[in-house]
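Q: Just so you know, the sequences run in chain order S and E.
Note that this note's numbering numbers the first sequence so that position 12 is 12, with each residue one more than the last.
Note that this note's numbering numbers the second sequence so that position 9 is 9, with each residue one more than the last.
Mixed in with the good hints, there may be bad ones.
As the list claims (entries may be wrong) - Ranges between beta-carbon positions, derived for each pair:
{"id": "1", "chain 1": "E", "residue 1": "ALA9", "chain 2": "S", "residue 2": "PRO116", "range": "40 to 46 Å"}
{"id": "2", "chain 1": "E", "residue 1": "PHE66", "chain 2": "S", "residue 2": "ALA25", "range": "34 to 40 Å"}
{"id": "3", "chain 1": "E", "residue 1": "THR173", "chain 2": "S", "residue 2": "PRO77", "range": "42 to 48 Å"}
{"id": "4", "chain 1": "S", "residue 1": "GLY93", "chain 2": "E", "residue 2": "ILE29", "range": "32 to 38 Å"}
{"id": "5", "chain 1": "E", "residue 1": "ALA107", "chain 2": "S", "residue 2": "THR124", "range": "46 to 52 Å"}
{"id": "6", "chain 1": "S", "residue 1": "SER81", "chain 2": "E", "residue 2": "THR54", "range": "40 to 46 Å"}
{"id": "7", "chain 1": "E", "residue 1": "ASP174", "chain 2": "S", "residue 2": "GLY93", "range": "36 to 42 Å"}
{"id": "8", "chain 1": "S", "residue 1": "ASN12", "chain 2": "E", "residue 2": "GLU37", "range": "29 to 35 Å"}
{"id": "9", "chain 1": "E", "residue 1": "SER13", "chain 2": "S", "residue 2": "PRO77", "range": "33 to 39 Å"}
In short, the hints are calculated from the structure, not lab data.
Note that the Cβ used here is the ideal one computed from N, Cα and C, for glycine as well.
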Amino acid sequence: MSTDSKFVTLENQIFSVFATPEWVAEKISVHPASYINTSKDTSFCRLDIVSSGKGVNLKSVSGMLIIDIFTPFGVGPRAGSVIADKLDSYLVGKTIVGTQLMGSTCVPKGPDKANPSLLRSTYTIAFNHFGV
Amino acid sequence: MAHISSIGAGLFSDLAIAVPSTDLTPAAIAALDTDAEFQALFATEILSAGTKSTDTFIRVQNVREFPSMGTPPNIVNVPVYGSATSQQIQGQSDAPSIEVQLNYVPADWAAGSVLGDMVGDGVQYVFRFALLNSEPVAYDSNSTPASGIGSVANSQYYWVGKVEALQVNPQLTDSNTATVTMSIQSDFFGAFTE
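With these hints in hand, go ahead and build the complete structure from the sequences.
A: The following block contains the structure:
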């Protein structure tokens, strides 16, 4: 059995959500974890796909999406919660081709160490990627 | 849409009961055998506090755990003279009953409500179990599948039975649960889709 491109397929499916016109209209950019944001956005997200769990077969994998939500520090923690709710509406319970997304959590983490002018909240959601 | 064609979790699987304004007669129930006939009974969803009408149905919500759906096997071993192994034949299965675990919301099952009055009333109803991996726009069957349960891949199973009992399981720390027991008085029909 071939397991070719399991992780790339998963990544493409997850990022496809943030390429939809509906999400683009939300005006909250979502960058890959290794991406250095050079834009002047003060509210943005950083997405990391942690494929740490076993799947039901060799082509499947489970894990967590970890999305760091950055908002201006002075605005208050609710700004992060509002973005987390928006993420919920696009992710929780959704099926993206062969990837199912489950329940979510959101944890305020305080000022960002790299840029204290930003407040960071960490949104996580479990996923199961099913390959056939 | 079509049947579910990939591996996945049935996150949005649903149990529903047809509640027409007039209970179906035994003759009408006996005549049901096609997907169109069953699906026509599930045209309009009502809430437990709602009013029964033509082709209305009600969903059993907050299900915590579904049992196996289908007729259980009853394999009978038959000795065969001169053979090292016996043979197996399909015997007549015991009539199954279905127990569904719910996160209990008393208002849904209150006396006077559609679901509450259904418990132990001795009336035969048509049940629908829909296997759903994605959330549909709505749970009704209608002529425009994209606006109902047919908006996502779905597999549907139908049967006739009764709601026999509701047992509430109070929990001191977890959510309260209830066990709904249903008897099954027909074959399972399906899997259908729309």
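Q: Confirm or reject each hint.
A: Tested hints:
At about 41 Å, the CB distance of ALA9(E) to PRO116(S) agrees with the hint of 40 to 46 Å. Checked against the given bound of 34 to 40 Å, the beta carbons of PHE66(E) and ALA25(S), roughly 38 Å apart, stay inside it. Look at THR173(E) against PRO77(S): about 29 Å separates their beta carbons, and that is not inside 42 to 48 Å. Evaluation of the 32 to 38 Å hint for GLY93(S) and ILE29(E) yields a pass: the beta carbon distance comes to about 35 Å.
Range check, ALA107(E) to THR124(S): about 33 Å between beta-carbon atoms, so the 46 to 52 Å window is missed. Against the hinted window of 40 to 46 Å, the Cβ-Cβ separation of SER81(S) and THR54(E) comes to about 45 Å, which satisfies the hint. About 22 Å separates the C-beta atoms of ASP174(E) and GLY93(S), a value inconsistent with the hinted range of 36 to 42 Å. A hinted range of 29 to 35 Å for the beta carbons of ASN12(S) and GLU37(E) is inconsistent with their spacing of about 43 Å.
Remark: the range hint 33 to 39 Å for SER13(E) to PRO77(S) is upheld by a beta-carbon distance near 36 Å.
Of the numbered hints given earlier, the model fails hints 3, 5, 7 and 8; all others are met.
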